[in-house]
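Visitor: Each chain, written out:
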Amino acid sequence: MKEEILIKNLKSGSETAFAQVLKEFEQKVFATCISFVPNKEDAEDIAQEVFLEVFKSISKFKGDSKLSTWIYRITTNKSLEFIRKKNTKKRFAFMQTIMGNEIPFDKTDYFTEFNHPGILLENKQKSEIIFRAINSLSVNQRVIFTLAKIDGKSYQEILEITGKSLSSVESLMFRARKTLQEKLGNFYKNEN
Amino acid sequence: MNSKEINKKVSDTFSVLEEIKEVQVSPFFGHKVLQQIKNETEEEVSYSYFSSKLQLAAIAIILIVNVTAILYAFNNSSSTISEPGIESFANYYELTSSSDSLLN
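Protein chains in written order, with my numbering: chain A, 1 to 192; chain B, 193 to 296.
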């Protein structure tokens with residue numbers, strides 16, 4: 001009932017209601033954004049876009065899902081949109097990796113400068129490698145893997161956000177992990 | 193590097209994901225979002241001042257001015273197309289019967 005009242009107030013343009021949503025979700029939305037885009041400034045820009053979208057589109061929200069699910073869905077889409085726009089050499093890197101070649105270490109081919117304050121310095125190089133590998137996965141695999149393994153969302157939350165079945169999520173997760181193991185294996189093999 | 197070592201490296205690479213710490217959003221984030229929404233709302237309000245009635249009135253005025261200008265220009269041009277003007281034009285391009293012609 002509380003959420004219904006909040007949604008009703010949001011739709012009526014209540015600033016208090018929007019401020020409440022902002023306060024409740026700003027950290028969570030940002031956390032999801034930085035899971036997809038490991039750069040603090042970019043992640044904040046995306047998070048800002050998310051809340052603008054929430055503000056503009058709340059009238060279209062039908063209430064067929066929880067408000068949080070709807071917000072996370074917008075967050076995921078905005079993050080993917082950002083990556084798509086910035087990822088100019090994605091196809092080239094993807095082809096390189098499926099041919100068993102090393103993931104290019106050239107920083108210019110990654111869609112953002114790696115700047116994740118939550119990653120220890122000693123882990124930075126390995127983190128860059130795995131984030132690049134994740135970026136070369138298919139969109140569905142990338143979304144499931146990122147939400148589960150980096151953003152720490154439960155399978156139930158992922159089902160609700162993506163609208164996929166449990167078996168689909170499990171299958172995508174399995175394939176994502178397997179693909180990443182292969183890519184990383186090839187990378188380290190070629191590194192020598 | 194043998195496969196055992198490679199697998200270890202792969203496993204170590206995966207494990208860095210477990211060690212990522214939470215990053216706090218900037219303290220002014222909320223304020224920036226609210227400010228941006230306020231700016232966008234104000235832009236929408238300023239566009240609404242130029243309402244549809246005003247738009248129609250502006251179009252009507254522009255049409256009237258254009259039609260008036262065209263009519264004025266047309267009326268004036270018909271009085272300025274005079275004999276002396278045509279004659280000097282013809283003389284300049286040697287189109288009069290008194291001018292020499294290659295055919296003569």
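The hints are simulated quantities; they were obtained by calculation from the structure and are not laboratory data.
Treat each hint with caution, since some may be false.
As the list claims (entries may be wrong) - Result set (EDC-like, lysine to aspartate or glutamate): computed pairs, CA atoms no more than 20 Å apart in a straight line:
#	chain 1	residue 1	chain 2	residue 2
1	A	Lys23	B	Glu211
2	A	Lys40	A	Glu113
3	A	Lys28	B	Glu210
4	A	Lys189	B	Glu234
5	A	Lys60	A	Asp45
6	A	Lys56	A	Glu3
7	A	Lys149	B	Glu234
8	B	Lys230	A	Glu182
9	A	Lys149	A	Glu182
10	A	Lys85	A	Asp64
11	A	Lys23	A	Glu49
12	A	Lys40	B	Glu210
13	A	Lys56	B	Glu211
14	A	Lys86	A	Glu113
15	B	Lys200	B	Glu211
16	B	Lys230	A	Glu53
17	A	Lys178	B	Glu214
18	A	Lys124	B	Glu210
19	A	Lys11	B	Glu211
20	B	Lys201	A	Glu49
21	A	Lys2	A	Glu49
None of these values were measured; they are calculated from a predicted model.
Visitor: None of the hints should be skipped; say for each whether it holds.
Guide: Taking the hints in turn, this is what the structure says about them:
Note on A:Lys23 and B:Glu211: the hinted pairing is violated, with a Cα-Cα distance of about 26 Å set against a maximum of 20 Å. Taking the CA atoms of A:Lys40 and A:Glu113, the gap is near 10 Å; set against the 20 Å cutoff, the hint holds. At most 20 Å may separate the alpha-carbon atoms for a hinted pair to count; A:Lys28 and B:Glu210 meet this at roughly 18 Å. Note on A:Lys189 and B:Glu234: the hinted pairing is violated, with a Cα-Cα distance of about 58 Å set against a maximum of 20 Å.
The hinted pair formed by A:Lys60 and A:Asp45 fails the criterion: a straight-line CA distance of about 23 Å is larger than 20 Å. The straight-line distance between the Cα atoms of A:Lys56 and A:Glu3 is roughly 18 Å, inside the 20 Å bound, and the hint therefore holds. Taking the CA atoms of A:Lys149 and B:Glu234, the gap is near 41 Å; set against the 20 Å cutoff, the hint is violated. Restraint check: the Cα-Cα separation between B:Lys230 and A:Glu182 comes to about 49 Å, which exceeds 20 Å; the hinted pair is violated.
The straight-line distance between the Cα atoms of A:Lys149 and A:Glu182 is roughly 18 Å, inside the 20 Å bound, and the hint therefore holds. Taken as a hint, the A:Lys85 and A:Asp64 pair is broken in the structure, with Cα atoms around 30 Å apart against an allowance of 20 Å. The suggested pairing of A:Lys23 with A:Glu49 holds, with an alpha-carbon distance near 15 Å, which does not exceed 20 Å. Our distance criterion of 20 Å between C-alpha atoms is met by A:Lys40 and B:Glu210, whose separation comes to about 19 Å.
Note on A:Lys56 and B:Glu211: the hinted pairing is violated, with a Cα-Cα distance of about 36 Å set against a maximum of 20 Å. Taken as a hint, the A:Lys86 and A:Glu113 pair is honoured in the structure, with Cα atoms around 11 Å apart against an allowance of 20 Å. Restraint check for B:Lys200 and B:Glu211: satisfied, since their Cα atoms lie roughly 17 Å apart, inside the 20 Å limit. A threshold of 20 Å between alpha carbons decides the hint, and for B:Lys230 with A:Glu53 the separation of about 14 Å falls inside it, so the pair holds.
Between A:Lys178 and B:Glu214 the alpha-carbon distance is near 26 Å, which puts this suggested pair outside the 20 Å criterion. Note on A:Lys124 and B:Glu210: the hinted pairing holds, with a Cα-Cα distance of about 13 Å set against a maximum of 20 Å. With a C-alpha separation of about 40 Å, the suggested pairing of A:Lys11 with B:Glu211 is violated against the 20 Å cut-off. For the hint pairing B:Lys201 with A:Glu49, the CA-to-CA distance comes to about 37 Å; that exceeds 20 Å, so the pair is violated.
Annotation: proposed proximity of A:Lys2 to A:Glu49 is violated, straight-line Cα distance about 26 Å (limit 20 Å).
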